[in-house]
Every structure is written in C-alpha cells, then in structure tokens.
Amino acid sequence: MRHKATVLVPALLLGLTACQSTGGSGREPAPGASAGAPVTATGIGDTADIGGARFGEHLRVLLRGFVDPAVATGTAPRPAAGHRWVGVELNLANVGGTAHESPLGRTWVVDDRGERHPAVRSGELTTGFPLKVRTLPVGEHADGWLVFEVPFGSRAVGLDCTVGGERRSWRL
Numbered sequence: 009m010r011h012k013a014t015v016l017v018p019a020l021l022l023g024l025t026a027c028q029s030t031g032g033s034g035r036e037p038a039p040g041a042s043a044g045a046p047v048t049a050t051g052i053g054d055t056a057d058i059g060g061a062r063f064g065e066h067l068r069v070l071l072r073g074f075v076d077p078a079v080a081t082g083t084a085p086r087p088a089a090g091h092r093w094v095g096v097e098l099n100l101a102n103v104g105g106t107a108h109e110s111p112l113g114r115t116w117v118v119d120d121r122g123e124r125h126p127a128v129r130s131g132e133l134t135t136g137f138p139l140k141v142r143t144l145p146v147g148e149h150a151d152g153w154l155v156f157e158v159p160f161g162s163r164a165v166g167l168d169c170t171v172g173g174e175r176r177s178w179r180l
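Residue numbers (this note's numbering): 9 to 180.
Incorrect hints may appear among the rest.
[Said to hold, decoys possible] Derived Cβ-Cβ restraints for the label pairs, each shown as a range: (1) D120 - G147: 30 to 40 Å; (2) T55 - V165: 15 to 25 Å; (3) F63 - T134: 34 to 44 Å; (4) R129 - G73: 29 to 39 Å; (5) A88 - E132: 18 to 28 Å; (6) A88 - D151: 26 to 36 Å; (7) P85 - R142: 12 to 22 Å; (8) T143 - D57: 12 to 22 Å; (9) G51 - V128: 15 to 25 Å.
None of these hints come from the bench; they were simulated from the model. Just so you know, these numbers come straight off a predicted model, no measurement behind them. From the three backbone atoms N, C-alpha and C, an ideal C-beta is built for every residue, glycine too.
Given the sequences, and given the hints that come with them, work out the whole structure.
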C-alpha cells in the first residue's frame, strides 16, 4: 500500500500545479483534451462528482444556471472597462465523509477564444447572492452565484472546475 501512495501524491501535486494562473490578466489558455485529468462534459442542469485533495472529501456540484451579462445591484463593484460579468449558479453538496476545505477549488469560465477567466469578487446580483464558502461540513450544501469577468466580443462557452486535482467541465 505504501508504494501506491508514493505514486499518487506526485500525481496529485502535478494536477494541483498544472492549472496555476499565468499572471498578468488572470486569463490563461484552456488546456487541450490531452492535458491533465479526464474531463466530464455536462451542461446546465447536470451534476458532476468531484473528489477533494484530502481523503474523504467528495463534492456533488450542480450547475443550476447561467446569465450573460450578470448585473450587480446597489453599490456592488463593477467589471473593468471593456469587460462584462457573466454568472453561473452552483449548488455544492458535501457527500463525502469529512468537511471539505476550499470546495470551490479553482474555477474558470472558458470563452470561445479558448481563454479561461477566473472568478472575481462581486456583491449581490439581480439574479441572487454570491456563492461564499470556505469549508463545507459533511451533509451540508451551499448555493449561490460565481461571477467571471469576460471581455466584450467574446462568448462564454464553458465552466471548468478543478478541485483536488480533479477537473470537471460544463457547457454553457
């Protein structure tokens, strides 16, 4: 059993470091089909199961909705010049055997140019409240919207989520 753990740890570390931001704008090219872990392509209304970085972490993620553009209410921050916000509504359920730390992992919207755009901070949207969760206890769930800043002239076509080295994708 010790031998298998030795092989698994470097593989997880590679999966965790393979999706680091390229800096600057925060955008990066979407990885090709041959890069990284297997991808499950699903759509709005579909659920994907994602393991975590630690033993016993297991999430069930439901993509509930998508809006383009996402509109902030009140005094919430606004997108940068030349950009708009798009939002995805998620439901996260901890179906594992331990509390899930950082259940959002690294999440991006992919545009039709192949660039990935990370989630940004936002206030309340006209569609609902932002998804804010640091730890998700066993049996609990969290609902809300993640917001992404996308340049005008590009179209959001997918959502990529990497948690604990596992990557899942949804079509938007």
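Going through the hints against the structure:
no. : hint                    : verdict
1   : D120 - G147: 30 to 40 Å : holds (38 Å)
2   : T55 - V165: 15 to 25 Å  : holds (20 Å)
3   : F63 - T134: 34 to 44 Å  : holds (41 Å)
4   : R129 - G73: 29 to 39 Å  : violated (20 Å)
5   : A88 - E132: 18 to 28 Å  : holds (19 Å)
6   : A88 - D151: 26 to 36 Å  : holds (27 Å)
7   : P85 - R142: 12 to 22 Å  : holds (20 Å)
8   : T143 - D57: 12 to 22 Å  : holds (19 Å)
9   : G51 - V128: 15 to 25 Å  : holds (23 Å)
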